[in-house]
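Undergrad: Sequence:
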Amino acid sequence: MLYLRQILVLFVSLFTVRIVLDVLGVEDYGVYTVVGGIVSFFSFLSGSMASATQRFFSFALGQKDFERLKRTFTVNLAIYISIAIIALILLDSIGLWFVNHYLKLPPDRFETAIWIYHFSVFTFVATIITTPLTSIIIAHEDMHIYAYMSILETALKLGVVIMLVYVDFEKLKLYSILLLVVSVINFICYLVICSRKYPECQFRKFYWDQTIFREVLGFTGWTLFGQITTVG
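Our numbering puts the first residue of the sequence shown at 1, with every later residue one more than the last.
Bear in mind the hints are in silico, worked out from the structure with no lab data behind them. Some clues are possibly wrong.
Under the rule of at most 20 Å between Cα atoms (straight-line distance), these lysine to any residue pairs were calculated in the SDA-like manner [as the list claims (entries may be wrong)]:
id : residue 1 : residue 2
1  : LYS157    : LEU178
2  : LYS104    : TYR29
3  : LYS171    : THR33
4  : LYS157    : THR33
5  : LYS205    : PHE66
6  : LYS171    : LEU156
7  : LYS104    : LEU24
8  : LYS173    : GLU111
9  : LYS70     : ILE193
10 : LYS70     : PHE59
11 : LYS173    : PHE122
12 : LYS104    : THR33
13 : LYS70     : LEU178
14 : LYS70     : LYS205
15 : LYS171    : VAL160
16 : LYS64     : GLU141
17 : LYS171    : PRO106
18 : LYS157    : ILE81
19 : LYS157    : ILE7
20 : LYS173    : SER40
21 : LYS173    : ARG109
22 : LYS70     : LEU191
23 : LYS171    : VAL182
24 : LYS104    : GLU27
25 : LYS173    : GLU27
26 : LYS171    : LEU105
27 : LYS173    : PHE110
28 : LYS171    : TRP115
29 : LYS157    : LYS173
30 : LYS173    : ILE19
31 : LYS171    : SER13
32 : LYS205    : SER82
33 : LYS70     : TRP208
34 : LYS173    : LEU191
Could you put together the complete structure from these sequences and hints?
TA: Here's what the structure looks like:
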């Protein structure tokens with residue numbers, strides 16, 4: 001199933017990029033790439049954080065310590081929500097200031113570019129808070145669920161491109177809005193699956209462990225540091 005997922009994602013990505021370029025045009029596609037790229041630059045954070053989070057989930061599962069797993073999940077969820085809030089504040093303040101003062105954009109597309117930026121920020125935030133949910137699925141080795149969800153996300157993005165062709169609306173704004181909708185749907189699906197399938201993902205009671213918090217924060221911090229030095 002993972003091979004099928006990889007093939008579908010690759011095929012749809014190659015197919016949709018060409019259509020999006022044709023529909024938006026060179027200038028608008030460039031605007032989206034530049035503005036969205038500012039937010040996308042930080043996307044490596046979610047990937048490196050996911051590997052760190054998955055490590056702690058797998059460790060607790062390997063020990064069959066389900067109480068520790070519950071605490072680990074809620075601690076990680078709290079960390080991710082905090083990071084998402086901090087990212088939202090920074091990107092909507094310092095990042096927006098950078099876009100307003102230093103980004104060279106066509107004057108007639110500047111207002112649209114600001115809309116794109118805000119939608120991209122919210123999409124990024126949705127991706128961050130989805131990360132612990134995908135990590136717990138991978139830690140449980142339920143790769144078929146991960147594959148199905150990836151295929152669903154790919155199908156939704158294909159639907160976005162089709163709507164872009166036929167819906168009579170500001171194409172650049174529509175594209176950003178629909179990608180945000182896809183991210184939100186993706187998050188909701190993961191949330192429902194995890195809350196129903198895994199006992200540790202129940203949200204009726206909050207478990208906290210200061211020791212796990214320090215361990216997770218320390219390990220994640222060093223992982224992020226390694227990623228940042230690699231990017232640099």
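Undergrad: Each hint should be assessed against the structure and marked as holding or not.
TA: We went through each hint and held it up to the structure:
1. LYS157 with LEU178: holds (8 Å)
2. LYS104 with TYR29: Judged against 20 Å, a Cα distance of about 15 Å means the pair holds.
3. LYS171 with THR33: Satisfied, since the Cα-Cα distance of roughly 14 Å is no more than 20 Å.
4. LYS157 with THR33: holds (16 Å)
5. LYS205 with PHE66: Roughly 15 Å between the alpha carbons, so the hint for LYS205 and PHE66 holds.
6. LYS171 with LEU156: holds (17 Å)
7. LYS104 with LEU24: The given pair, whose Cα atoms are some 19 Å apart, holds under the 20 Å limit.
8. LYS173 with GLU111: holds (10 Å)
9. LYS70 with ILE193: holds (16 Å)
10. LYS70 with PHE59: OK: LYS70 and PHE59 at ~12 Å, within 20 Å.
11. LYS173 with PHE122: holds (14 Å)
12. LYS104 with THR33: holds (13 Å)
13. LYS70 with LEU178: violated (34 Å)
14. LYS70 with LYS205: holds (10 Å)
15. LYS171 with VAL160: Judged against 20 Å, a Cα distance of about 11 Å means the pair holds.
16. LYS64 with GLU141: With Cα atoms ~14 Å apart, LYS64 and GLU141 stay inside 20 Å; holds.
17. LYS171 with PRO106: Measuring from Cα to Cα gives roughly 16 Å; hence the hint holds.
18. LYS157 with ILE81: Violated, at roughly 25 Å.
19. LYS157 with ILE7: holds (15 Å)
20. LYS173 with SER40: Holds - the C-alpha atoms of SER40 and LYS173 are around 17 Å apart, at most 20 Å.
21. LYS173 with ARG109: Holds: LYS173 and ARG109 sit about 11 Å apart, inside 20 Å.
22. LYS70 with LEU191: With a Cα-Cα distance of about 15 Å, the restraint between LYS70 and LEU191 holds, given a limit of 20 Å.
23. LYS171 with VAL182: Holds: LYS171 and VAL182 sit about 16 Å apart, inside 20 Å.
24. LYS104 with GLU27: holds (12 Å)
25. LYS173 with GLU27: holds (14 Å)
26. LYS171 with LEU105: Distance of about 17 Å is within 20 Å: holds.
27. LYS173 with PHE110: With Cα atoms ~12 Å apart, LYS173 and PHE110 stay inside 20 Å; holds.
28. LYS171 with TRP115: Satisfied, since the Cα-Cα distance of roughly 12 Å is no more than 20 Å.
29. LYS157 with LYS173: Within the cut-off at roughly 15 Å; holds.
30. LYS173 with ILE19: holds (16 Å)
31. LYS171 with SER13: Distance of about 19 Å is within 20 Å: holds.
32. LYS205 with SER82: Holds, at about 18 Å.
33. LYS70 with TRP208: At roughly 9 Å apart (the allowed maximum being 20 Å), TRP208 and LYS70 satisfy the hint.
34. LYS173 with LEU191: violated (27 Å)
The structure fails hints 13, 18, 34 (numbered hints given earlier, in ascending order).
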